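> Let chain X serve as the given structure and place chain C on it in line with the hints.
If you read the sequences in order, they're chains X and C. Going by UniProt numbering, the first residue of the first sequence is number 1, and it counts up by one from there. Going by UniProt numbering, the first residue of the second sequence is number 1, and it counts up by one from there.
Keep in mind the hints are simulated off the structure, nothing from the lab. One thing to keep in mind: the hints can contain errors.
Unchecked claim - Within a straight-line C-alpha distance of at most 30 angstroms, the following computed DSS-like cross-link-like pairs (lysine-lysine) qualify:
| hint | chain 1 | residue 1 | chain 2 | residue 2 |
| --- | --- | --- | --- | --- |
| 1 | C | K23 | X | K23 |
| 2 | C | K157 | X | K15 |
| 3 | C | K48 | X | K15 |
| 4 | X | K89 | C | K15 |
| 5 | X | K89 | X | K59 |
| 6 | C | K37 | X | K117 |
| 7 | C | K48 | X | K89 |
| 8 | X | K23 | C | K96 |
| 9 | C | K48 | X | K48 |
| 10 | X | K23 | C | K157 |
| 11 | X | K37 | C | K37 |
| 12 | X | K48 | C | K89 |
| 13 | X | K96 | C | K15 |
| 14 | X | K23 | C | K48 |
| 15 | X | K37 | C | K117 |
| 16 | X | K15 | C | K195 |
| 17 | C | K157 | C | K195 |
| 18 | X | K48 | C | K37 |
| 19 | X | K73 | C | K48 |
| 20 | C | K98 | C | K15 |
| 21 | X | K23 | C | K37 |
Since the structure is predicted, the reported quantities are computational estimates derived from the model, not experimental observations.
There are 2 protein chains.
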Amino acid sequence: MNYPQSFQDLVDCFKRLPGIGGKSAERLAYYILSMDKSYVEEFSDSIKNIQESIHYCVKCGHICEDEFCDICKDKNRDQDTICVVEDSKDVFAMEKVKEYNGLYHVLHGTMSILDGKTIEDLNVNSLFERLDDSIKEVIIATNPTREGETTALYLAKLLAKRNINTTRIANGLPIGSNIDYADELTLLKSLEGRKKI
Amino acid sequence: MNYPQSFQDLVDCFKRLPGIGGKSAERLAYYILSMDKSYVEEFSDSIKNIQESIHYCVKCGHICEDEFCDICKDKNRDQDTICVVEDSKDVFAMEKVKEYNGLYHVLHGTMSILDGKTIEDLNVNSLFERLDDSIKEVIIATNPTREGETTALYLAKLLAKRNINTTRIANGLPIGSNIDYADELTLLKSLEGRKKI
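This is chain X alone, in the form it adopts within the complex:
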């Protein structure tokens, strides 16, 4: 027995979202069915709106509703440091720390052999356009994954040619973790990066 067509359509839409399997998609569709009409309309509209209202900052590639993002517009931030991240969500994660006060540059992904993504597919050209004498440091904060590391190394090589002071965020044991649960590579990185106390 099949679901009614319009129900199946919504289940199929939910199923295409990351981390949502068949069973969850059905549960969500049932939930939408039982919701207030006003909320359903709000949900439908906000999905349609997001692609119309949200743009990428012309300068750094971070999501924003105007031409430039709030960080690029803020003249109180250190204009001489750029932190390079994979995605906009990494900018929000870094901002939560309240330690870094420089600028960002969002790559929108990483180099990936499997997905056939090269450095040309990333938001890199606009990064090099930003690099003038005023920039004192570029912090590469891509994820410590295979793709993130590859991108970081490649970027570092390109930046070295331009004589830019480039740094990479540290790897090691996360705070609150247990050494006996850590994977070998993390422990190795943690040893390599040891500091005098």
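Quick look at chain C alone, frame taken from chain X:
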């Protein structure tokens, strides 16, 4: 630092869905942002459509796109047996078994003291309207939870007054499970319901 408003709106909408927390809602909103425009429109429309196209069958309460559902319309099904379930999704689950060929009745919930839901809040009146001399058996297939059992017992009492042959689906160990992992209540029900082999 806050998300742009239209982004935050979508995150809030996703967060109201069951089983989706703050982090997942953000991830889904990012995903929607990166999707093809055509898919985003399809998703938005299917959410809006579902409440307009999907109705509840006038006879049994199951979801359908017409006045009556496919099961109620099918004259080849046994017209003398009604299986009472909590939700439409239980109908689809039962249909997958391909063993039952009778009719259904969907209650749209259970009695629940915590949520202040009584028998009056369920789709029960239309069930009693369906009970004439042609009905030989009513199978109560509410979930084996506290609320489901309460509803089953209450319904059974009401049906007894009408001299209807009422049955309840069996409890016991699920196939493929281990006795030493079973909870005590399930094991007790499994013992109580033992059969001669």
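> Taking the hints in turn, state whether each one holds.
Here is how each hint holds up against the structure:
A threshold of 30 angstroms between alpha carbons decides the hint, and for C/K23 with X/K23 the separation of about 20 angstroms falls inside it, so the pair holds. Restraint check: the Cα-Cα separation between C/K157 and X/K15 comes to about 42 angstroms, which exceeds 30 angstroms; the hinted pair is violated. In summary, the hint linking C/K48 to X/K15 is supported, as the alpha carbons are separated by about 17 angstroms, within the 30 angstroms threshold. For the given pair, X/K89 sits about 17 angstroms from C/K15 by alpha-carbon distance, which is consistent with the 30 angstroms threshold.
With a CA separation close to 17 angstroms, the supplied pair X/K89 and X/K59 stays within the 30 angstroms bound. Among the hinted pairs, C/K37 with X/K117 is consistent with the structure: their alpha-carbon atoms are about 21 angstroms apart, no more than 30 angstroms. Restraint check for C/K48 and X/K89: the C-alpha separation of about 28 angstroms stays at or below 30 angstroms, so the hint holds. Proposed proximity of X/K23 and C/K96 is supported: the alpha carbons are some 14 angstroms apart, at most 30 angstroms.
At roughly 11 angstroms between alpha-carbon atoms, C/K48 and X/K48 fall within 30 angstroms of each other, so this suggested pair holds. Of the supplied pair hints, the one linking X/K23 and C/K157 is violated, its CA atoms being roughly 34 angstroms apart against a limit of 30 angstroms. With a C-alpha separation of about 24 angstroms, the suggested pairing of X/K37 with C/K37 holds against the 30 angstroms cut-off. With a C-alpha separation of about 28 angstroms, the suggested pairing of X/K48 with C/K89 holds against the 30 angstroms cut-off.
A hinted pair counts as satisfied when its Cα atoms are at most 30 angstroms apart, and X/K96 with C/K15 qualifies at roughly 20 angstroms. For a cut-off of 30 angstroms, the pair hint linking X/K23 to C/K48 stands: about 21 angstroms separates their Cα positions. For the suggested pair X/K37 and C/K117, the alpha carbons sit about 22 angstroms apart, so the restraint of at most 30 angstroms is met. Note on X/K15 and C/K195: the hinted pairing is violated, with a Cα-Cα distance of about 42 angstroms set against a maximum of 30 angstroms.
Distance restraint check for C/K157 and C/K195: the Cα-Cα separation of roughly 26 angstroms lies within the 30 angstroms cut-off, and the hinted pair is therefore satisfied. A C-alpha spacing of about 9 angstroms is found between X/K48 and C/K37, which places the hinted pair at or below 30 angstroms, so the restraint holds. Proximity of X/K73 to C/K48 is assessed by CA-CA distance (about 37 angstroms); at most 30 angstroms being required, the pair is judged violated. With a C-alpha separation of about 36 angstroms, the suggested pairing of C/K98 with C/K15 is violated against the 30 angstroms cut-off.
As the CA atoms of X/K23 and C/K37 are separated by approximately 26 angstroms, the hinted pair is consistent with the 30 angstroms bound.
Against the hints set out earlier in the document, violations occur for numbers 2, 10, 16, 19 and 20.
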